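Asker: Working from the sequences, and respecting the hints, build out all of it.
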Amino acid sequence: MDRACGIARNAGFGVTEISAEAIIDAARKRTGLEDWGSDAFLEPMARAIEEIGRARFTDLGRVIIRQALVTALSNRLKVEEYFRRHPDAAEVAIERPVFILGFPRTGTTLLQNLLTLEEGTRSLKFWELQSPVPVSANRAEDRRIRIARTERTLRAAYLMAPEMREVHEIRAETSEECWPLFANAFSVLNWDIGSGLRGYGDWLLRQSMVEAYRYYKRQLQMIAHFRPTGRFILKCPEHLWFVDALLEVFPDACLVWTHRDPFDVIASYCSLISLNRRVLYGRIDPVEIGAHITDRFATGVRRAMAVRRAQQHDQIYDVDFRALVKDQAGMVHHIRRAFDLPDGPGADARIQAWLENGRRDKRGAHVYDPQRYGLVPEQVYPAFSDYIDRFGVPLANR
Numbered sequence: 001m002d003r004a005c006g007i008a009r010n011a012g013f014g015v016t017e018i019s020a021e022a023i024i025d026a027a028r029k030r031t032g033l034e035d036w037g038s039d040a041f042l043e044p045m046a047r048a049i050e051e052i053g054r055a056r057f058t059d060l061g062r063v064i065i066r067q068a069l070v071t072a073l074s075n076r077l078k079v080e081e082y083f084r085r086h087p088d089a090a091e092v093a094i095e096r097p098v099f100i101l102g103f104p105r106t107g108t109t110l111l112q113n114l115l116t117l118e119e120g121t122r123s124l125k126f127w128e129l130q131s132p133v134p135v136s137a138n139r140a141e142d143r144r145i146r147i148a149r150t151e152r153t154l155r156a157a158y159l160m161a162p163e164m165r166e167v168h169e170i171r172a173e174t175s176e177e178c179w180p181l182f183a184n185a186f187s188v189l190n191w192d193i194g195s196g197l198r199g200y201g202d203w204l205l206r207q208s209m210v211e212a213y214r215y216y217k218r219q220l221q222m223i224a225h226f227r228p229t230g231r232f233i234l235k236c237p238e239h240l241w242f243v244d245a246l247l248e249v250f251p252d253a254c255l256v257w258t259h260r261d262p263f264d265v266i267a268s269y270c271s272l273i274s275l276n277r278r279v280l281y282g283r284i285d286p287v288e289i290g291a292h293i294t295d296r297f298a299t300g301v302r303r304a305m306a307v308r309r310a311q312q313h314d315q316i317y318d319v320d321f322r323a324l325v326k327d328q329a330g331m332v333h334h335i336r337r338a339f340d341l342p343d344g345p346g347a348d349a350r351i352q353a354w355l356e357n358g359r360r361d362k363r364g365a366h367v368y369d370p371q372r373y374g375l376v377p378e379q380v381y382p383a384f385s386d387y388i389d390r391f392g393v394p395l396a397n398r
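By the working numbering, the letter at position 253 of the sequence shown is numbered 253, and the numbering carries on one by one without gaps.
Derived from the structure by calculation, the hints contain no laboratory data.
A hint or two may mislead.
Here are the computed lysine-lysine pairs in the DSS-like style, where the Cα-Cα straight-line distance is at most 30 angstroms [to be verified]: (1) K29 with K217; (2) K217 with K326; (3) K125 with K326; (4) K125 with K29.
FRET-style restraints, in silico, Cβ to Cβ [as the list claims (entries may be wrong)]: (5) N138 with P382: 54 to 60 angstroms; (6) R337 with V210: 30 to 36 angstroms; (7) R337 with R171: 29 to 35 angstroms; (8) A20 with H334: 44 to 50 angstroms; (9) E43 with N138: 36 to 42 angstroms; (10) D88 with Q371: 55 to 61 angstroms; (11) R144 with G37: 24 to 30 angstroms; (12) K29 with D369: 17 to 23 angstroms; (13) D285 with H334: 38 to 44 angstroms; (14) E34 with E248: 29 to 35 angstroms; (15) S136 with A291: 43 to 49 angstroms; (16) D35 with V307: 33 to 39 angstroms.
Just so it is clear, the structure is predicted and the values come from calculations on it, not from any experiment.
The beta-carbon is built from N, C-alpha and C at its ideal position, and this holds for glycine as well.
Answerer: Right, here's the structure in full:
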């Protein structure tokens, strides 16, 4: 596949051309639209493109990255068109959204699924994140079209990295991390952590993310306007790095912070993102990935802890991973009571039914080797010492 992309590049088809002009032109041609609203995205887009120019992507990697950039700007153009047609969408209230902001592999997916079993709550499905703007006024038809588009994207992704199904299978209708909405603002840490654009990530961490969170909220308003809903239950580890901006834009937000041994978290996550990076780069340096993720995750908890010291205690609910695994239903009830979420009759039966279905669908255990990524507890734990002490995080590898 990489060879085919190289042939197309040499033939002058422009499939690997990545410049601001090329991305803007491609998005305009794809959508037939011109208005992208605020130009706040231009600098982060330029920074991302600058870093992409330094990265050693394969031709296939460049095609994938270019497609991601064109899709992000196309989404932005379509978002603004939606608000032009439906100006009242800007008045939709996003009240007391729940943000699950723990690191990956800490039970965030489990919690999001269980918390959204009751009427009056909702998550964001992968098809909504990949294609956030409605394509038809008929909701059933719109849903069908967007799911079909997303399934085509997933088939291509699993063709390139079939191991992803074993590590973290995504389907069009599964609830997923909401970082793709930040990609539409070109301010998304996943491009650093997941795709290795470290210089871009360094730059992003020095910026205010308030404007990006405002645009994120604008997209939530659009989604809720088209498909009226109850309270959002959202999850994404990226929120940890930017809790200050999150709370400025969503001052009534309810935060659920999941905690787990950071050594286990980092080792598992390195295994996951290595699959993505191998597709983009062809060859990877596992030890560099381990050091990168350790540094970024340690920065994330430091930033979140600094903001937390100034916040109301009842706005954040801490979840110990081992306690969650021991009693999923009990933890869900505690969180629902803490944040006034629906918890109606029959809730336990619905939770148990979901858990049983999950056990039947569960694939084999995710196997990974921490040493492959240069990870040893004696080096990882000191980077998280304040975090471990503050939250009494149990350590399984000491």
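Asker: Taking the hints in turn, state whether each one holds.
Answerer: Hints and how they fare:
This hinted pair checks out: K29 and K217 have alpha carbons roughly 27 angstroms apart, not beyond 30 angstroms. Between K217 and K326 the alpha-carbon distance is near 35 angstroms, which puts this suggested pair outside the 30 angstroms criterion. The hinted pair formed by K125 and K326 meets the criterion: a straight-line CA distance of about 27 angstroms does not exceed 30 angstroms. With a C-alpha separation of about 27 angstroms, the suggested pairing of K125 with K29 holds against the 30 angstroms cut-off.
Distance hint check for N138 and P382: the Cβ-Cβ separation is about 57 angstroms, which falls inside the suggested range of 54 to 60 angstroms. Under the hint 30 to 36 angstroms, the C-beta atoms of R337 and V210, about 31 angstroms apart, fit the expected range. Checking the proposed 29 to 35 angstroms range against R337 and R171 shows it holds: the Cβ atoms sit about 31 angstroms from each other. Taking 44 to 50 angstroms as the suggested C-beta distance range, the pair A20 and H334 conforms, at roughly 48 angstroms.
For E43 paired with N138, a C-beta distance near 38 angstroms keeps the hint of 36 to 42 angstroms intact. With their beta carbons about 56 angstroms apart, D88 and Q371 fall inside the hinted range of 55 to 61 angstroms. Judged by the Cβ atoms, the range 24 to 30 angstroms given for R144 and G37 holds: they are separated by roughly 28 angstroms. Between K29 and D369 the CB atoms are about 46 angstroms apart, so this pair departs from the stated range of 17 to 23 angstroms.
Evaluation of the 38 to 44 angstroms hint for D285 and H334 yields a pass: the beta carbon distance comes to about 42 angstroms. Between E34 and E248, the C-beta spacing of about 31 angstroms keeps the proposed range 29 to 35 angstroms intact. In this structure, S136 and A291 meet the distance hint of 43 to 49 angstroms, their C-beta atoms being roughly 47 angstroms apart. As the Cβ distance of D35 to V307 is approximately 34 angstroms, the hint placing it in 33 to 39 angstroms holds.
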